[in-house]
Every structure is written in C-alpha cells, then in structure tokens.
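Here the protein sequences come in this chain order: A and B. Oh and the first sequence: position 323 is 323 in the numbering used here, straight run, nothing missing. Oh and the second sequence: position 48 is 48 in the numbering used here, straight run, nothing missing.
For lysine to any residue, the following SDA-like pairs were computed, each having C-alpha atoms within a straight-line distance of at most 25 Å:
(1) A:Lys216 <-> B:Arg130
(2) A:Lys277 <-> B:Gly138
(3) A:Lys89 <-> A:Ser176
(4) A:Lys277 <-> B:Ser40
(5) A:Lys210 <-> B:Arg82
Partial selection, computed: residues in chain A whose CB lies under 8 Å from chain B:
(6) Cys203
(7) Phe204
(8) Glu207
(9) Ser215
(10) Lys277
(11) Thr278
(12) Ile284
Bear in mind the hints are in silico, worked out from the structure with no lab data behind them. Source: prediction; values computed, not measured. Even glycine gets a Cβ: it sits at the ideal position worked out from N, Cα and C.
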Amino acid sequence: MVTVKDTLKLFGISIVICCAAFVCTLFINYRIDLAAIAGTVQGDQAQKLYDAQLSTSTVVCAVAGGCLILTSVVMLLTYIRNFIDSRSKELGIMKALGWSDMGIAKHFGIFGMSVLAGAIIGISAAAAYMPKFYELQNKTDYFSVPREMHYGAFALLALIPTAVFAALAVLFAYRSLRKPVMKLLREDPGSKVRNGKNDEALCFTKELRKDTVRSKRSLMFFVWFSAFCFSCNTQMSFSMTNLASETMGYMILVIGLIIAYMMLILALSAVVRGNAKTAAMMRIFGYEDGEISRSILNGYRPVALFGFILGTGYQFGLLKIMVGVVFKDIDTTPEYDFDFKALCIALPVFIVSYELVMLFFGSRIKKLPVKSVMLDN
Amino acid sequence: MITVENITKSYGSGAGENRVLKGISTTIGDGEYAVILGASGSGKSTFLNVVSGLEKADSGSVKYDGTDITELSDKQLTKFRRENIGFIFQQYYLLPNMTVEKNVRMGADLAGSKDWKEIINAVGLGDKLRSYPSELSGGEQQRVSVARALAKKPKILFLDEPTGALDEATGRQVLDYIGKLHDQLGFTVIMITHNQNIADMADTVIRMNSGTVTEVYHNAERKTAYEIGW
Ligand SMILES: Nc1ncnc2c1ncn2[C@@H]1O[C@H](COP(=O)(O)OP(=O)(O)O)[C@@H](O)[C@H]1O
Ligand SMILES: [Mg+2]
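Could you put the whole structure together from the sequences, leaning on the hints where they help?
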C-alpha cells in the first residue's frame, strides 16, 4: 500500500534532513569538545571568546537544525495528507473491507526511512568534513579545541529523528484516516472556503486566483516560507562572511537555497496537481494556456514578495541581536549594519529565479492533458 | 452544419491495439437535436471528443461549415472551442470552492456575456446563486453545469451522458431544461446516452456499436422529457 517507491518521492525530506544532520553533527561534535576544555581557557579575552563560541554553536545548532527539522516535518505531513487525499478511494475500500485505521496507518512508518537515509548521508559528510571544520574554528590564537569523534552522538542523531518521524507519520496518517468510510469513498473535497465576503464584481479568473491561494493554506505557507528562507539566508550569508567566517556564510547560503527551492517546488507541484481538473475543464471550455496558468499561479506572487520582505527584516533583527548580545565584549567583532549590497543582489536573483520556476510550472499546466478530467471516475 | 468523414481512432498498438472508431461518417445540421445511442464501450465518448476537438483522430475529417478542425493547431482549436462549443459531462466537474454564480461565470466570462443570472434563473436555480456545489443535489449540480455551458453562448452543446448519474425524476427535469433552452436559443445539441428512450427526444438518432455507426434515423416528432419512457 505504501511502497518504497512512495518513500523515494520524499527525497525532498531526505535532502533537508541531510542538511540538518550535517550542520548539527558538526556543531554538536564541536560543542562537546568545546565543553571539555572549559577549565583550561585562560585570560579575560579568551574566556569571552570562548563563551561566544559556545553560544554560537548552540544557536547555530538550534536555529539551523530547528528550521530544517520544522521544514521537513511540514513537508512530511503535507505529503501524507496529499497521499491520503489522492488515494482516498482505495483507503475507503480497505476500511470498508474491515481494515482498522491503525492497521492502515502503521504502514506509513516506512516514511521514516527517508529520514534515515538523509541523516546517514548528512552525518557521513559531516564526519568527512570535520578535520577541516576544526581547522577553521581553531584559527583564533586564544585557545585550540582538540578534535574527537563522538560516534555515539552521531548514532543518536540518525536514530532519534528516524523514530520520531516514523511515529509522526503513523500518528498523522491515523488521524487523517479517522473519517467515515463514505467520506473517503466519495472523495469529498471537504474544505470549502468561505471568505464571508463574496465579491460579486470579481470575474472568474480573478476569483480562481484568489481561491487557489486561499483554499490550501499549507501551500500558501510553503511559498511564503520559501521566500522567507531565501531572503533571510542569502542576505545573512553575506553578513556572516564578515562577522563569523566564510564557511559559515556558505553553509547558511546553501541551507537557505535548498530549503527555499525544495519548498517552492514542492508547493507548486502540489498546486499544479491540485488544479489539474480545473485546468482541464478550463481548457475544454476554451480558456487559453496563458489565462489558465496565470489564474492558478499568479496569486502566489504577492505571498512570495511578502515572505521576502519579512525575511529581510528577520535576518537584520537576528544579526543585530547576535552582534549586540553575544559578541558585545569582544574587541575583534566587526560592526554590523544593514547590508544594502546583499539586498541589491538577493532581490533581483530572487525575482528572476522565482519567475523562472513559475514559468516552468506554467508550462507543466499547459502540458496537462484535457482528458485528465474525464479519465478518472 | 457538421460533417464527419471516415473518422478512425485506435488506442495502443501492435497486438494490444484497440480500434475504438472504425471509420465513422455522419452529418448533423445547425440547430439539430442529435442523440448518439450505444452500449457502454462502443466508442461514443471517444467520438464526441474527436468531433468537439478535444482529441485528435488518427484519420478522417470533422468539418464545421467547411472548416476542418482536424487541421487546426492547438491554439486555433482552443479559440474554436471558446467561440463555438459548450460541454456537459456525466460528472458535473463544478469547482467545489466556488459559488453557483462563480461557476457559471467560468462560462459567461469567456463570451463576455453579462446575463449569467438570467441563465441561472432559466435552469431554476435563481435562489441558489450563493450556494456551493456540495450544498446542492446531483440534479441541481447538473443544472449548474448546464447554465455554465450555456452562459458562454455556444453554437453547439455537447453532452456526454448528462443524466447518467441521476435518478429518473431528476434526469427528466435536467433534460427538460435542456430541451426548452434548445428550442428557445436554437443551438445544436449532440448528446450521448445509452438510454433508448431518451432518443425519442431527438431529431436525429445515431446508433453506434463497436466503433461503427449501425443506424441513423430521424424522428418525425420529438417527445418532451416528460413524455418519454425511462
Ligand atoms: N485514453 C484511452 N486509452 C486507452 N483506451 C481508451 C481510452 N479511452 C477510451 N478507451 C477505450 O475505448 C473504448 C471506447 O471507450 P468510450 O469511447 O469511452 O466508450 P463509451 O463512451 O461508448 O462507453 C473502450 O474500450 C475504452 O477502453
Ligand atoms: Mg462514455
């Protein structure tokens, strides 16, 4: 019912988990070693720098790891929801034949495998990169952290997320399945969105544009979050290169880009899939390709822009606080101010790449066969 | 006038080839009420899709007053459908998140027509403008889809088993609305059904069997939806 092939489709989650595992492995390992030399640091400046290093690695671990894991949880739950929605008939029949909800739901545990795969790759990559990472971290003259590999921590890093994700998948599937059989069989679209105000003057294509965005809040969130991450991480990476190190800058950049594009692609694939019937029906009626893809996709443009703006503000605030609080007593910390150069690069790149992705999904909508509306059922 | 000449279409190839249409020719006049009658699997839907330009035939021609639509590009076909054709399917395919009014405007906006409310009234749903499809019965939903198709002022209305999912009483009602609007507006009707009795409502009956036309006959007198058997 839930096959390994379905799990493979979760490669997006594997990639995000891989990033999370990479970053967390490096910093957890470093933090353990850092904690071990606590007593040996001598001198006022050295102590302050040591404290700063300690809190930076905690913050990086928590923020990067937390963001990435949150992202993958949202991805997982959305995937399961779509999986159940798109197979609601089969699942309804299974239930009608007497399968229990838990009997079906427990098969979803296999989705944990995608997490395990990602984690193993990320941890291995981190282990390979570890010597270079320590070299970079130890560039300061005040103290040097000896490197040790904490394989026990690595194992926990792989196993705990796998178990948690598997359990989450089962529980969420169980919850989604707890509907009456008839509801599953009828494929009730269920969520009709009523935004009290019915704008009578609005023409059909505009209404559709609004409705596409409104009716699937999770997809709206994905697009928003994608833009937010893009904006936040690209701009932060510029400043990080000055404030911390080039490695840190690149790490943040790569993580940001991966989350941003994964999310955007995931969301837009779901949008296209979810509107296949509408698009086919519009085509049958004689709407042109451009009109169809515009009314399905264009509503997300302001959402993305809003995400970008908020991301810009967020990274500025975060860095201001970090520089102000964490590094406040250390002489060598450079000044931080809003980086307009970063914004001037990030914004055009964002707009161009976002439009390219939209163009791609627009062409996917064009390729949807007209018959898709008549074939199922 | 629609002239269909020697249409063939197969699915698959080699040993698994399924010849669905085996050389179909027929003509349907302007304003005519034509019914295509045949058992399930005889190729009716495929034929309808080819005639309406939704699907390409393997060979043959479909001419609308001399214009062969099998030679049009996709873009031209879209324009052709936009200006000429309305569709009604067995499943209603209404947009679930939109009110009756907005669903009908999907058709009306295409023709730039402003009289969608009158059309909704004409199918007896004047008091359901603000309802959502899930709040309507099957018959009401099908009437919305009739209004949606007619709001774009089609010259030809294609219907693929429009009453297939409805009970007798509701089915009659839907057919009655279609019949009345046909008489009033004068569009051409091409309707698929496997119900022998519904054929009594038509001017022309085209009987299909395994991908060929086996019989064409004309009714001297058309019956209304309430006069036919079921
Ligand atoms: N897209 C398709 N691919 C393969 N076979 C098809 C396809 N569409 C229809 N067929 C086949 O064509 C035959 C006629 O189908 P259809 O035109 O839907 O018949 P009807 O509408 O009279 O029931 C059936 O045997 C069906 O299996
Ligand atoms: Mg059919």
